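Here are the chains, one letter per residue:
Number of protein chains: 2
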Amino acid sequence: MSALAAERVLRRNGLRVSTARRLVLEALHAAGEPVSAEQIAGGLGGRFPRSDLASVYRNLDTLQRVGVVRHVHLGHTAGRYAPAEKAPSDYVVCEDCGTLTAVAAGTLDAARDAVRAATGFVPSFSHVPLTGRCAECAAAEG
Amino acid sequence: MSALAAERVLRRNGLRVSTARRLVLEALHAAGEPVSAEQIAGGLGGRFPRSDLASVYRNLDTLQRVGVVRHVHLGHTAGRYAPAEKAPSDYVVCEDCGTLTAVAAGTLDAARDAVRAATGFVPSFSHVPLTGRCAECAAAEG
DNA sequence: ATACTTGCAAATGATTTGCCAGTGT
DNA sequence: ACACTGGCAAATCATTTGCAAGTAT
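In order, the protein sequences belong to chains A and B. Residue 70 in the working numbering sits at position 70 of the first sequence, and the numbers go up by one each step. Whatever position you read off the second sequence (first residue = 1), add 142 for the working numbering.
It is worth saying that the hints were derived from the structure and are not from the lab. Every value quoted in this text rests on a predicted model; they were computed, and no experiment measured them. Accuracy of the hints is not assured; some may be wrong.
[What the hints assert, rightly or not] DEER-style ranges, computed between Cβ atoms: (1) Glu180(B) x Gly79(A): 14 to 22 Å; (2) Ala102(A) x Asp203(B): 40 to 48 Å; (3) Val9(A) x Pro191(B): 52 to 60 Å; (4) Ala259(B) x Ser55(A): 39 to 47 Å; (5) Ala117(A) x Ala259(B): 12 to 20 Å.
Heads up, the beta-carbon is just placed ideally off N, CA and C, and yes, glycines get one too.
Could you build all of it, start to finish, from the sequences and the hints given here?
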C-alpha cells in the first residue's frame, strides 16, 4: 500500500487528509526501517519539515486504527512505526547490537506452526518481533 | 535458585544483603508469575511490607546484574520481573487478553533451531517472550 | 459552516538520579 | 569506621490529553 493508497483509506473512513498526516505517511515510507515518533516529528533528520510530536503520536494512532500503519517494540527503545505493508514480521532484532536482521517469511511460518501445533497459541512476530542475538553477537559472546 | 542462594550470590559479589533486597527476592519468589516493580514496592498487595519504589528499581537492577533476577517485556504494560530460574521462556503472552500461556520447553527449542538454521540469528524467548494470540482469542476473532 | 485537526502546554506513567542520612560487614 | 544502601524529592523519557485556534470537506 503506497502513501497514496493510504490517503484513500483515510477518506473512506471519513478522516481528513491533512498536511501533517501526509507528512507522517511520507516519512514512514521514506524511512527504510521502523522509525520512532520523535524521528518523524524531527522530519527524519531534515529530510522533511518538522512537526509537532503530539500530533505525530495522534496521527500514528489514527493511521494504525485504519490499518495503514503498525508499530513494533524493539527492545528497550521507544516504539517504532512502519507502513503496514513493510512487514516488520520479516525482521528479528538483536538485543546486543540492535541490528534488524531480515529473515525469509517461510522461516517464521515454520516456527509459528510448530508452536501452534503444540499449544494452540498463535505467535505473531509483527507487533513484538522475535528477539535474540544476531549471528555476530552470538559468536562474539557465548 | 532459592532466595537464599541468591543472597549467597550477592555476598560473593561483594554486595550487601539488606532488608530491602531480601524483601524484593522474597516477593519475587512468592509471586507465581512475573511482577512489576510497583507490585513489589506495594508488598505484593499487603503480603509483604511496602518499600520505596526507587529502591525497588535499584535493587531489581542490582539483582539482575548478578544474574539472580531477570525482567521480561509483556506487551505494552510495565516491565515485569522474575527470579532467574523461573524460566520466563516457558511462557508466551497473548496480546489480546494478556494471558501467560505455559509451553513445553522443547516446543520453543524447535522454533529456535528453525530460525537459527535459516539465518544464523539465535532467538531468545526469555527477555522478550513470544507474543501473539492465545487459543481462545485466536478463535474468538480471526 | 462544521466537524475534524493542529500546536502548545500541562499531565501521566515508568524508570532513573541526586543527595544525605542510615546500616551491613 | 566506611563504603554500600535506603528513602525522599526532583528529573527524565515516552506518550497522552486539554483546549483554543486552524483547516479540510
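Outcome of the hint check:
1. Glu180(B) x Gly79(A): 14 to 22 Å: holds (21 Å)
2. Ala102(A) x Asp203(B): 40 to 48 Å: The hinted range 40 to 48 Å is violated for Ala102(A) and Asp203(B), with Cβ atoms some 33 Å apart.
3. Val9(A) x Pro191(B): 52 to 60 Å: Between Val9(A) and Pro191(B), where Cβ atoms are some 54 Å apart, the hint holds.
4. Ala259(B) x Ser55(A): 39 to 47 Å: At 45 Å between Cβs, range holds.
5. Ala117(A) x Ala259(B): 12 to 20 Å: Roughly 18 Å apart at Cβ, these two residues keep to the hinted range, so it holds.
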